[in-house]
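Using the sequences and the accompanying hints, generate a full structural model.
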Amino acid sequence: MTVASNSTRVAVRGPAIGTALIAAVLLLLALAAPFVLYPVFLMKVLCFALFACAFNLLIGFAGLLSFGHAAFFGSAAYIAAHTVKEWGWAPEAGLLAATVVAGLMGLVFGLIAIRRQGIYFAMITLALSQMVFFLALQLPFTHGEDGIQGVPRGLLFGLFDLSQPLTMYYTVLAIFLAGFALIWRTVHSPFGQVLKAIRENEPRAVSLGYRTDRYKLVAFVLSASLAGLAGGTKAIVFQLASLTDVTWQMSGEVVLMTLLGGMGTLFGPVVGAGLVVTLESYLASTSLPVPVVIGCIFVVCVLVFRRGIVGELMHRLSKRGH
Amino acid sequence: MVSLLGIPPQVLFGQLLLGLINGSFYALLSLGLAVIFGMLNVINFAHGALYMVGAFVAWLLLTYAGIGYWGALVIAPVVVGLLGILLEKTMLSRLYKLDHLYGLLLTFGLALILEGAFRHQYGVSGQPYPIPAALQGGQNLGFMFLPNYRGWVVVASLVICFGTWFAIERTKLGAYLRAATENPTLVQAFGINVPVMVSLTYGFGVALAGLAGVLAAPIYQVSPLMGTNLIIIVFAVVVIGGMGSILGAIVTGLGLGLLEGLTKVFYPEASNIVVFVVMAIVLLIKPAGLFGRER
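These protein sequence lines map, in sequence, to chains A and B.
For the record, in the first sequence the residue sitting at position 314 is 314 according to our numbering, with numbers rising by one throughout.
For the record, in the second sequence the residue sitting at position 191 is 1191 according to our numbering, with numbers rising by one throughout.
No wet-lab data here; the hints were simulated from the structure.
No false leads were mixed into what you were given.
Derived DEER-like restraints, expressed as beta-carbon distance ranges:
#: 1; chain 1: B; residue 1: Asn1041; chain 2: A; residue 2: Gly144; range: 37 to 45 Å
#: 2; chain 1: B; residue 1: Ala1065; chain 2: A; residue 2: Asp146; range: 38 to 46 Å
#: 3; chain 1: B; residue 1: Ala1270; chain 2: A; residue 2: Trp87; range: 21 to 29 Å
#: 4; chain 1: A; residue 1: Asp146; chain 2: B; residue 2: Asn1140; range: 42 to 50 Å
#: 5; chain 1: B; residue 1: Pro1130; chain 2: A; residue 2: Arg316; range: 52 to 60 Å
#: 6; chain 1: A; residue 1: Leu303; chain 2: B; residue 2: Ala1167; range: 29 to 37 Å
#: 7; chain 1: A; residue 1: Tyr38; chain 2: B; residue 2: Phe1162; range: 53 to 61 Å
#: 8; chain 1: B; residue 1: Val1159; chain 2: A; residue 2: Trp87; range: 53 to 61 Å
#: 9; chain 1: B; residue 1: Asn1041; chain 2: A; residue 2: Leu155; range: 53 to 61 Å
Below, simulated DSS-like cross-link-like pairs (lysine-lysine); rule was C-alpha separation at most 25 Å, straight line:
#: 10; chain 1: A; residue 1: Lys196; chain 2: B; residue 2: Lys1097
#: 11; chain 1: A; residue 1: Lys196; chain 2: A; residue 2: Lys319
#: 12; chain 1: A; residue 1: Lys319; chain 2: B; residue 2: Lys1097
C-beta: ideal position from N, C-alpha, C; glycine also.
Rendered as structure tokens:
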């Protein structure tokens, strides 16, 4: 017994060191990146990466496909933009408000949507988010088609001037890392294990005595809050909150990022977000219609590439290991 | 005639008629979704895009081939149905053994491609489609003016809906279909070619969407965006009605269209969201939907 457990521990430690090394290299790259690449582009990638990670927490680890995550992302952007611009709040207060509001919306959405499973869950979240879209179109404070423009970036904690691109970049990086760490911690906690059990076999999880609805609801609220944090951050970075962020196309885009990078892998959504944002900014300069290209990637991913990039890599690596 | 709650009857009945027409389209589309879901276990996100394709086929036939409304009413559903069968044979059929969510994601991608392609080619502004000569003008019913074409749309979609219901619930072919929904392996063992039946079902379901597109062309403008916004409302309708029954889909579609029309009269600001609010309430009270059963 002891020998066996020792050998497994060694076997686990090997990859753990590897992971730590990779993480350190990635962190260094992220710190150095703004000196090589355009900071606004990097910040966009980070915002969408956090959004996609939040979404992945549901689909990848709890098996819930939410087709309405743009509602949290977009509404939080409006809240952050409104509190900072109209009420003169500090950026950190605006972001906190955005996160809390998105979390509360997640609670309401979750209470309604969790009553059905699978495909119905996806349709209900989509319908609810379309309702949020119409509200954003009609409510006075969102300014309809114009959106909230010219949001001041302000001083973070009254100290750091966010109008400096580098300061803004490192702030966004810190927010992303905090969000990512929270997701990592959640996935590797007993709570995360129960979520995976629900994903694999919900009736069995119920029979083991878990109140699966509660677990799903907590996961949903957490995911919505983090999506809101991403949306609020995006509003501060781009100094703009608009209808684009609340549309069903945005909900679809985050699904694509996660699918392309690899559902249920921690790094997959980050890779997917990076690729999709890069692709879109490249396509913007060509005459190719963006939705058609996005749609084609969707179809190819679903038909032949369901593991996603990171998922496929990990699959190959583990196959070679055995 | 006296006004009702301060609303002139012309306005009230006008909006109710509009609601009935919207409801007819909800019914036609949710019917197709229900038929496809029953057989394939796929939620067809591309349904709205194929409805749009139906309308565009009608417009293209008129503009480039000079074939009018009545021809389009036959040709467009056939074209859309064949396109559907092609999509099912080449792509959807590979996903049946996987989680149903992949079917939703695939058809979502297809919807993006179709919509993006038409948008690239024809822009976002709508193309006008004339009302056929035989259905121009209208009837004065005393309390309101009924344009002939709108009356025709309501009657035609009711006939199609109940025809479909009859075909599925009361004919031999429909009995095979329902049996194959319950237990495909057993039905195949009786010598019925289930894969072909699945393809035909998908083709038929999307042909209904194409037909709805042709019916809609003279009322709404023919635009690349006409389908997707509609399909999300139809999803809500399907959730409210529950996917278990064909008749349920029809009744819920018409009822919600009327409700939307009424909301437009009494509280116009909420008319866009009333269907979603009803969905939320129904889910809280009866999660399986009004006509659905838990499974």
